[in-house]
Every structure is written in structure tokens, then in C-alpha cells.
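Peer 1: Chains as they are written, first to last, in this note's numbering: chain A, 1 to 130; chain B, 1001 to 1167.
Note that these hints are calculated values from the structure, not bench results.
Since no wrong hints were added, every one of them can be taken at face value.
With the C-beta cut set under 7 Å, the calculated list includes, among others, these residues of chain A facing chain B:
1) T35
2) M93
3) A112
Away from chain A, derived, C-beta distances all over 12 Å, residues of chain B:
4) S1016
5) F1032
6) G1033
7) F1040
8) S1044
9) P1046
10) R1061
11) P1062
12) P1160
13) G1166
Model, not experiment: these values are computed from the prediction.
Glycine is no exception: its CB is placed at the ideal position from the N, C-alpha and C atoms.
What follows is the residue order along each chain.
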Amino acid sequence: MATWLEGLIALVLIIGGVFLLIGSIGLVRLPDLYTRLHGPTKATTLGMAGLLLASSVVSSITQGSISVHEWLITLFLLITAPVSANMIAKTAMHHDLTPWKRTKGQELVDPASRQAPPSDHHSVKDGKLP
Amino acid sequence: MFTVKESRFLPMPFHSLLLFVVWLLLNNTMAFGHILLALFFGWSIPKLVSILKHGHPTIKRPWLTVRYFFMVMKDIITANIEVALMVLGPLKKLQPGFAAIPLDITSDLGVTLLASTISLTPGTVSAEISEDRKWLYVHALHLDNADELIAQVKQRYEIPLKEILGC
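Using the sequences and the hints, build the whole thing.
Peer 2: Put into C-alpha cells, the structure is as follows:
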């Protein structure tokens, strides 16, 4: 394998790994469940995409044929990550989990958990109803 | 675009084809046994799940879909970098918040795509939808101005999705 290619793969692996690490740091550092959800849905998808991209390039070269299932795994991650994040957020809202005290718009948790429209939302006052 | 006359043998021909291709790609092979297995899955899985299907999603503007896909990919990368910086930066500056986005889009597929896009992109996770399907509740990691966020989501994602799905 050419040196420049090895270097490129190493770079992609490091970038992917750094994003995964940041996602995990987010899980530890951020104050409440709602903010912690942002780590796994975003940092992790890009991190995984980086690792899988590198894996795809390596196995394409060593096997001599194009390896595509890494791309499929990335696609499946992109499809499933928002769904799981959505289900976790939904569950938290239905259990009336108190958000971090600095969170804006906390009055929306109550109508959201009842799946009702936000009766006292500021956009309504501004007359911007759909 | 994908509305095909319903047949009992192949109730969802497009999905059958998709399953066939995905199975072969996942196994990275063109071996005869795997082709047989892919044919079997492509036939049996749509047949099993076709009772859950209601309505045909239609794609009116296929080319806009490609553009939308690449725009979302670009946004995912920028959103990742933004979220990474916020996670590593001082927590004192962090201002999370909830917002309710009024929805104009009505179809099931449209709402699903919009909610998923919101979860993947600009520092927001979609959390709940109102029963009348008119409001989408989202949580943002950093919310400066709820109206700005609403305008951005509508402009950037909802309008193109509405054009693609033609509703």
C-alpha cells in the first residue's frame, strides 16, 4: 500500500476516533438527559462514518474489489440514530423529566407530553400560525 | 413515481428490489446461494410486512432528492463540528432550550423525514409531535432565538421536502 494512502487512512481513522471520543465526553459532561442526547445522534454518526470509510478503503485495496457494505452500515446508522434519539426524548418527556434549570422554553414540556399544541407559545402570539 | 399496480405475489416490488440489492451488497458477494437467499428475502419480507403499509408515498421530483441528500450530508458535518465545539467548550455558555415548530407538511413520510433530518442536523433533536400533526417539539443544544430556529428549519428543510413529496 502506498505511504500517502496509509497516511490518509490513518488521518480519517483519527478524525473518526476524535469525534467518537467527543461524543462520549459529551455524555459525561453535559448536564441533563436532553442535552446528552445530542452527543450520540451527531458526533457519533460522523465518527462512525469516518471509521467505516477508512475500513472500506482498506478492504477495497487489500481484496482488490470495491467493498460497499461499510457504506450500507453508515446509511443504516443515519436512518436509525434519529429514531432512537426521538424515542428516548419522547420517553423522557412523558415521564416529566425536569430539564436543566437554564433550559429555555420549559413550559413546552407539558403540552408536548400531552401531545397537545403549545397554547402559550410565543409564535402564536406573533400570529405565525400555519 | 413508484405507484405500481398492486399484485398479491409481489405487493411491494420496489422494496423487493431494494432488499435483493442490499442483501447482496451486505454480503459483498455474487455467489449463487446468496442470490437465491436474496430472492427469497426480497419476496418474503415485503409479503409479511405489506399489511402494515398504508398509502403509497410518491416522489414528485426525484432530482431534488439528490440535492436534498447532499445538503443534509453537508449540514451533518457542520452540525457535528458545532456540537463537538459546544461539548468541549465552557458549559456556562451553553443555553439549551425547547421549541415548537409549526408544521406545514402533512404526509407521514414527510413528517418522518423532517423529524429525522432535524435530529441529525443543526444541534437539535426532535422529541414529540402534537396529536393534530401541526407542531413538532424539538430540543436544541444551544438556542439563541426560537423564531430564528423555526424560520431556518422551515426554509432549509421543510420547503424542499414539500417540493420533493409534492404535498
